[in-house]
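A.B. asks: Sequence order for the protein chains is A and B. Per numbering that gives the first Met the number 0, the first sequence starts with residue 0, numbered consecutively. Per numbering that gives the first Met the number 0, the second sequence starts with residue 0, numbered consecutively.
The reader is advised that the hints may include incorrect statements.
[Stated by the list, open to error] Okay, derived cross-link-like pairs now, DSSO-like style, lysine-lysine, Cα gap no bigger than 27 Å in a straight line:
hint: 1; chain 1: A; residue 1: K128; chain 2: B; residue 2: K281
hint: 2; chain 1: B; residue 1: K217; chain 2: B; residue 2: K242
hint: 3; chain 1: B; residue 1: K9; chain 2: A; residue 2: K312
hint: 4; chain 1: B; residue 1: K147; chain 2: A; residue 2: K62
hint: 5; chain 1: B; residue 1: K51; chain 2: A; residue 2: K312
hint: 6; chain 1: A; residue 1: K127; chain 2: B; residue 2: K277
hint: 7; chain 1: B; residue 1: K281; chain 2: A; residue 2: K249
hint: 8; chain 1: B; residue 1: K77; chain 2: B; residue 2: K65
hint: 9; chain 1: B; residue 1: K242; chain 2: A; residue 2: K243
hint: 10; chain 1: A; residue 1: K249; chain 2: B; residue 2: K261
hint: 11; chain 1: B; residue 1: K62; chain 2: A; residue 2: K249
hint: 12; chain 1: A; residue 1: K312; chain 2: B; residue 2: K62
hint: 13; chain 1: A; residue 1: K249; chain 2: A; residue 2: K306
hint: 14; chain 1: B; residue 1: K273; chain 2: A; residue 2: K62
hint: 15; chain 1: A; residue 1: K106; chain 2: B; residue 2: K277
hint: 16; chain 1: A; residue 1: K243; chain 2: B; residue 2: K87
hint: 17; chain 1: A; residue 1: K312; chain 2: B; residue 2: K242
hint: 18; chain 1: A; residue 1: K119; chain 2: B; residue 2: K65
hint: 19; chain 1: A; residue 1: K37; chain 2: B; residue 2: K202
hint: 20; chain 1: B; residue 1: K87; chain 2: A; residue 2: K37
hint: 21; chain 1: B; residue 1: K87; chain 2: A; residue 2: K62
hint: 22; chain 1: A; residue 1: K306; chain 2: B; residue 2: K281
hint: 23; chain 1: B; residue 1: K26; chain 2: B; residue 2: K11
hint: 24; chain 1: A; residue 1: K37; chain 2: B; residue 2: K273
hint: 25; chain 1: B; residue 1: K273; chain 2: B; residue 2: K11
hint: 26; chain 1: B; residue 1: K261; chain 2: A; residue 2: K106
hint: 27; chain 1: A; residue 1: K306; chain 2: B; residue 2: K51
hint: 28; chain 1: A; residue 1: K312; chain 2: B; residue 2: K87
hint: 29; chain 1: B; residue 1: K62; chain 2: A; residue 2: K62
hint: 30; chain 1: A; residue 1: K106; chain 2: B; residue 2: K62
hint: 31; chain 1: B; residue 1: K11; chain 2: A; residue 2: K106
hint: 32; chain 1: B; residue 1: K242; chain 2: A; residue 2: K37
hint: 33; chain 1: B; residue 1: K77; chain 2: A; residue 2: K62
hint: 34; chain 1: A; residue 1: K106; chain 2: B; residue 2: K225
What the hints contain is simulated information worked out from the structure, not anything from laboratory work.
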Amino acid sequence: MIRQIAEYLHEHREELDLPSGLRSDFSFLKVGGNPWEKGRINFLVFNRDESAPVLFIKGIREKDKDESLRREYSLIQKLASHRELIPFLPLPIHMVSLSGQDVLIQKACRGERMLASLSKSSLLHFQKKTISGNFYRAMEFVSILNTSVQNPFSPTELKSKILSPFLSFYEDYGCSEHNKYTLERLLHKVCHLMGDSPCGTLIHGDCSATNIFLDTPNQIKIIDWETASENSLPFLDLFYFMSKYIHNLKIMPRNRWERVRYAYFGKNWFSDLIRKTVQEYCEQTHVSPELGHVIFPLHFLNKARIKYSMRAKEQTEPWMNLFEYSMNNLDDLCF
Amino acid sequence: MLPLYCPSCKSKLVAVGNDSHCEKCSKTWVRRHGLISFVDNPDADGHLSGEKWEEFFSNITHKTNKEIQDYLSSRQIKERGEYFNSFKNNKADCFSFLNVTHQDVILDAGCGLGSWTIPLAKQCKEVYALDPTLDRLRFLEIRKKNEKLENIILLHTSLMNLPFREPCFDYVLMNEMPEDIGTRKEKADAKDRLSRRLEIIYKLLKEKGQIVMAGENKYGFDFLFKAGDCRHSYNDYRNMLAKAGFRDVEFYYVWPDYRDPKYIFAEKDRHIFKYFLKHFVKQTAGRFEYMFFQLAHKFGWEKQFVSNFIITGNK
Numbered sequence: 000m001i002r003q004i005a006e007y008l009h010e011h012r013e014e015l016d017l018p019s020g021l022r023s024d025f026s027f028l029k030v031g032g033n034p035w036e037k038g039r040i041n042f043l044v045f046n047r048d049e050s051a052p053v054l055f056i057k058g059i060r061e062k063d064k065d066e067s068l069r070r071e072y073s074l075i076q077k078l079a080s081h082r083e084l085i086p087f088l089p090l091p092i093h094m095v096s097l098s099g100q101d102v103l104i105q106k107a108c109r110g111e112r113m114l115a116s117l118s119k120s121s122l123l124h125f126q127k128k129t130i131s132g133n134f135y136r137a138m139e140f141v142s143i144l145n146t147s148v149q150n151p152f153s154p155t156e157l158k159s160k161i162l163s164p165f166l167s168f169y170e171d172y173g174c175s176e177h178n179k180y181t182l183e184r185l186l187h188k189v190c191h192l193m194g195d196s197p198c199g200t201l202i203h204g205d206c207s208a209t210n211i212f213l214d215t216p217n218q219i220k221i222i223d224w225e226t227a228s229e230n231s232l233p234f235l236d237l238f239y240f241m242s243k244y245i246h247n248l249k250i251m252p253r254n255r256w257e258r259v260r261y262a263y264f265g266k267n268w269f270s271d272l273i274r275k276t277v278q279e280y281c282e283q284t285h286v287s288p289e290l291g292h293v294i295f296p297l298h299f300l301n302k303a304r305i306k307y308s309m310r311a312k313e314q315t316e317p318w319m320n321l322f323e324y325s326m327n328n329l330d331d332l333c334f
Numbered sequence: 000m001l002p003l004y005c006p007s008c009k010s011k012l013v014a015v016g017n018d019s020h021c022e023k024c025s026k027t028w029v030r031r032h033g034l035i036s037f038v039d040n041p042d043a044d045g046h047l048s049g050e051k052w053e054e055f056f057s058n059i060t061h062k063t064n065k066e067i068q069d070y071l072s073s074r075q076i077k078e079r080g081e082y083f084n085s086f087k088n089n090k091a092d093c094f095s096f097l098n099v100t101h102q103d104v105i106l107d108a109g110c111g112l113g114s115w116t117i118p119l120a121k122q123c124k125e126v127y128a129l130d131p132t133l134d135r136l137r138f139l140e141i142r143k144k145n146e147k148l149e150n151i152i153l154l155h156t157s158l159m160n161l162p163f164r165e166p167c168f169d170y171v172l173m174n175e176m177p178e179d180i181g182t183r184k185e186k187a188d189a190k191d192r193l194s195r196r197l198e199i200i201y202k203l204l205k206e207k208g209q210i211v212m213a214g215e216n217k218y219g220f221d222f223l224f225k226a227g228d229c230r231h232s233y234n235d236y237r238n239m240l241a242k243a244g245f246r247d248v249e250f251y252y253v254w255p256d257y258r259d260p261k262y263i264f265a266e267k268d269r270h271i272f273k274y275f276l277k278h279f280v281k282q283t284a285g286r287f288e289y290m291f292f293q294l295a296h297k298f299g300w301e302k303q304f305v306s307n308f309i310i311t312g313n314k
């Protein structure tokens, strides 16, 4: 695979804005990817002796036609047509077929992942400024993303395309009658608050500090649009970013899941920060905080659904627990 | 399919019904559970008793991959994680760095549960998957059927007891502890055992054929503080491969483990190592490990301490 990619890159140096050189000048670092089934395989491409990558490449391990890469490519192209989103995207991006195998080539992000800015210290005091800054930057991006692309829906479409899948997944996963009823009521409230002319919102789907690059001090770039969805709900990306960020910290309490729960349902510095961030998001997107309140538990369910689809049943459970807790204690939520 | 030869006298085997017969030795090799077997007294995989194995197979036979995975995740079966994770395709990611084609014939010597066999069979002409543990091959046979991969030939045998006679493979693979492939009762020390296997593999490879092996480094950082099963260092592997006649030996660093390779890059790309340290090791490993490798890289010693390798060599 790498040989073919190197051949292609060498032949299209100018188009890809790469300096002249030999084919053998390219070297590859295989990074992450999805290990299951046809799963994705990713590479960072380095130019001769350069210490930073020049390109990021995604492929599918198996040659069978898999539409997910093409879908991601089309989506990024669509986003790139919105001027306000361009600074956040890893452009330029190319989609090529090498011996029948789809390959997505995009510019590698410079700088560091936002995740790298997380301190390993257990003292929150010295991290507050960085955390607030990162929450604000992520909120700003999510606001722009959520308001740039919206698809008008009828209330019936909202129910069938966006809300019902939550309930079906929850039923399939296995839930009590009481919790099923509570979720039905919650979804009914979402439907009611979205009014007679609701809109499907575009979400990234995995908006975490791992997928955000601090490209320059004032600019973030968002990578990995694999899980993006054009028809979803507002707030989901923002809530997920905050939950995952708090989960990733090394601070007390040591139990990460407890920490997330405590941040949303306690009275502490995080609760204040979350409240302010949600308020700011509502002001920028003109969405009501009440809607955020009822959508909140769904971001945990959404994550549980993604984890479950990746065969990680054991890793699904903590997200499901958070969902059920938040759904049943919504009155104690910090915003 | 390649012709099969008697592992003892190397005469061509003839088919007698489903079994293979050597006229010179007057010996018939009977199939076990439908698989070609060259092992007289097969040991069961030590994880489960014979009875438990039969229960296991009766529950997964004629089931889809998804059903098998659901079964594995819902039952408390010993070492179930290993079986569940064998469905992961990323284990064979190192082959992206090589040039496997649809003309290639591959010997997977010690195929285990087929972590390399299955993904590679989709890229090459044929894979001869051998393992001395019958239960593992039975599991792989089910996966082979589910994936409709007719080009996998399963052989119940060891590298020291091969039914091949001449150079006939484009690639020979050794996944897992290389010194464990073969009869476990051999008394020779680990280096001698591996050297003997490398010599055999060298002979089996066609001209310009390639060996691909995965192994741990006995001086690897991960094993400085905890016991590992690895018995060879970077230099040991290099010297043994050279002694067996392999040229252009290349090492690839595999992180965090060759059984679940998230990151892979070539030893020769030292500029990548620097980037990798800063952007991945620093985030995921402890501060000490990061500083240790920073220092090692400064002096050009990182290869001596990386814990897992994929190693390739040309005939």
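A.B. asks: Hint by hint, say whether it matches the structure.
C.D. replies: Right, here's what the structure says about each hint:
1. A:K128 / B:K281: holds (22 Å)
2. B:K217 / B:K242: holds (20 Å)
3. B:K9 / A:K312: Roughly 50 Å separates the two Cα atoms, so the pair is violated.
4. B:K147 / A:K62: Holds. B:K147 to A:K62 sits at ~15 Å (cutoff 27 Å).
5. B:K51 / A:K312: Distance of about 24 Å is within 27 Å: holds.
6. A:K127 / B:K277: holds (24 Å)
7. B:K281 / A:K249: Given that 27 Å is the threshold and the Cα spacing comes to 15 Å, the pair holds.
8. B:K77 / B:K65: holds (19 Å)
9. B:K242 / A:K243: Violated, because 52 Å separates the two Cα atoms, which is more than 27 Å.
10. A:K249 / B:K261: OK: A:K249 and B:K261 at ~23 Å, within 27 Å.
11. B:K62 / A:K249: Not OK: B:K62 and A:K249 at ~43 Å, beyond 27 Å, violated.
12. A:K312 / B:K62: Roughly 20 Å between the alpha carbons, so the hint for A:K312 and B:K62 holds.
13. A:K249 / A:K306: holds (22 Å)
14. B:K273 / A:K62: violated (33 Å)
15. A:K106 / B:K277: holds (20 Å)
16. A:K243 / B:K87: holds (25 Å)
17. A:K312 / B:K242: violated (48 Å)
18. A:K119 / B:K65: Measuring from Cα to Cα gives roughly 39 Å; hence the hint is violated.
19. A:K37 / B:K202: Since the Cα atoms of A:K37 and B:K202 sit roughly 35 Å apart, the hinted pair is violated (cutoff 27 Å).
20. B:K87 / A:K37: holds (10 Å)
21. B:K87 / A:K62: Roughly 16 Å between the alpha carbons, so the hint for B:K87 and A:K62 holds.
22. A:K306 / B:K281: holds (26 Å)
23. B:K26 / B:K11: Given pair B:K26, B:K11 holds - Cα atoms ~12 Å apart, limit 27 Å.
24. A:K37 / B:K273: With Cα atoms ~31 Å apart, A:K37 and B:K273 exceed 27 Å; violated.
25. B:K273 / B:K11: violated (53 Å)
26. B:K261 / A:K106: holds (21 Å)
27. A:K306 / B:K51: violated (31 Å)
28. A:K312 / B:K87: holds (15 Å)
29. B:K62 / A:K62: Judged against 27 Å, a Cα distance of about 25 Å means the pair holds.
30. A:K106 / B:K62: The hint is violated at about 43 Å.
31. B:K11 / A:K106: The hint is violated at about 56 Å.
32. B:K242 / A:K37: Violated: B:K242 and A:K37 sit about 39 Å apart, past 27 Å.
33. B:K77 / A:K62: violated (34 Å)
34. A:K106 / B:K225: violated (40 Å)
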